[in-house]
Amino acid sequence: MNLGSMLAFVRPDLDWHALAPELTLLAVGTLVTVADIALDDKAKRMMPTLAGIGLLVTLVPILTLAVDGAERPMFGGAYVVDDFSLVLKALFILVGYVVVLMSVDYVREGDYYENEYYTLLLTSLLGMVMMASSRDLVSVFVALELLSIPAYMLAAWRKGGPRSNEAGLKYYLMGVFASAVMLYGMSLVFGVAGDTDFGTIAAALTGEGASPIIIVAILFVLIGFAFKVSAVPFHTWAPDTYEGAPTPVTAFLSVASKAAGFVALLGLVFVAFEGAADVVQPFFWVLAAVTMTVGNLIALRQTNIVRMLAYSGVAQGGFMLAPFAVAFEDDAWQLPGTDITTTPYFAIVVYAVIYAFMNLGAFSVVLAVSRRTRSGDISSYGGLFSYAPGMAVLMTLFLAALAGIPPASGFFAKFVVFWALAGAGTPAGWVLAVIVAVNAVIAFGYYARVLQQMWFEPVPEMVALGVDSGGDDDEIDVAEAANSTAEQDEYGDAWLATETRQATMVRFTPGKIPMTGALAAALAITAIATLAFGVLPGLVSHFGEVATFHFGG
Amino acid sequence: MLLNQFLLLGALLFAVGVYGVLARRNGVMVLMSIELMLNAVNLNLVAFGLQHDVVSGQVFALFIIAVAAAEVGVGLAIVLLLYRNRKSIAVDEFDLMKG
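Chains A and B supply the protein sequences, listed in that same order.
For the first sequence, the residue numbers in my numbering are 2 to 554.
For the second sequence, the residue numbers in my numbering are 86 to 184.
A portion of the hints provided could be inaccurate.
Quick look at which bits of chain A chain B covers, simulated, 3 or more residues with Cβ under 8 Å [stated by the list, open to error]:
hint: 1; segment: 157 to 166
hint: 2; segment: 173 to 184
hint: 3; segment: 194 to 205
hint: 4; segment: 235 to 244
hint: 5; segment: 407 to 419
Simulated from the structure, these hints should not be mistaken for lab results.
For each residue, glycine too, the CB sits at the ideal point set by N, CA and C.
Isolated chain A, as found in the complex:
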């Protein structure tokens, strides 16, 4: 390395068309910040509209790139815009749009800091969009941090709420610790390969055999991402963070953040670690089996719906991890009775797309119902059908999808994963396929409990006032503050208010759920996607098929 060659800096060729989605997102995020500074308080009401329109505008360059269809590598292959990245970018943008719809009223009624919320959400989405294109350790790392750092702040968004604080702290510590472990692994990978791009790493690892340094390097990198996708035993942050964070943020973390982790894993496993199959496959076999089983068993005994969905998310992550265990076993085989060919890679992409919409849908219903019940308890769903039949039907659809019952989309996702495992034709694949099937049955247990509450139980007379009941925190803080002496510290007071509220049972009167246009739109989008992917699996499998990698270095 001589100094002269470093100083002779030549700007790399930038493909502005390929970068258009990222630049649009960046521009919208900046616009939201600047508009908030420049305009008066009344204009704050248009922030979510601005963010939502901005996200839809971002879809335009993604579509034009998809129509064009060319692979566009940049920065020596470190950043590649190909069909795979475009499919996932579109998914992230759509998920972001639904989360904005879910957030509008929650954030406004809670009187949380509006424009900062949307700016951080857009920044985190920018990180995810970049992750889909990253084909280099440096760009994977930068994208991961760009999506994580705003998410830490979003998790701790309710500044006065001790649970939200705790959610933020746990997420932050676990996330940063995982990043450090992953980076240590990356530094060893770099040491073995001699460069940071996936192509060079793949070439260096192929033929090397499983030397100790390669095993340590790969395991550290994969463990770092196992934290990100909340795989057991690295899942401990997930339930606490999901419960404590504001519900729209929880939906965002459980869907978008997890999908981003899987996108990074897809790139790393299928391109960079291709030559290290005998390290990668057993690791994922154990990880997937443990994640599914433990996630499902703990979910069975949850009483809070958000916590239950958190553990269900852990278990669903296990289903998504399973195809990695047979990642390099076979090329492609046909699903029985269809013309769809499946590979482990295809199964993961399809599962991620389907999971995103069904899980967002379930969280939208939780958000809507809590506007009436102000509770997060599963028991507060008693008799939902009698006073809000629409909500009960929608929740049934989403839970059926998560459980994998045929008309809804989740069935197709589980079916594809099962065939990817069974079709690999190895004993390991068969055993894992059986574990997947058994877990799908266990999972039905806790989803059915909510269904039973909604359809067959009477409306409860009293419900436990929950933490996540759509912005009632501040009302209570205000009431409490009025009673307390003026000397009391503002923050200490909020702490007391929420502490005493833990055991508060309030009388519950069933009635119409106060709906808003944005929330209804979020429910409609997720419901239509969940049904459409279930009835016409060709739609989603088409995305899975076109999402091919740019394998060149």
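Following the hints, complete the assembly by docking chain B onto the known chain A.
This is chain B only, laid out in the frame that chain A set:
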């Protein structure tokens, strides 16, 4: 080139950092331990970069330094928020949610 010595120092720093994250109760000390882990990575990257004679090791290390600064900024903000709400930054006291 003393590659092994650098790698051993890196491994030692990383282990000290991991120990600090797991054993320390004070939030600020945990953040400092995480910095130790990240700097162990930087040391590794620069040493490997010199061994392979490529700049990407140093470039990666620069990226980590920059991102770590942003990360710790957010971490300190969260610790400060906790201190305001609870008058304590002992991370093991935050156990409202379990199960």
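Now for the hints, and whether the structure bears them out:
no. : hint       : result
1   : 157 to 166 : holds (count 6)
2   : 173 to 184 : holds (count 8)
3   : 194 to 205 : holds (count 3)
4   : 235 to 244 : holds (count 3)
5   : 407 to 419 : violated (count 0)
Against the hints set out earlier in the document, a violation occurs for number 5 only.
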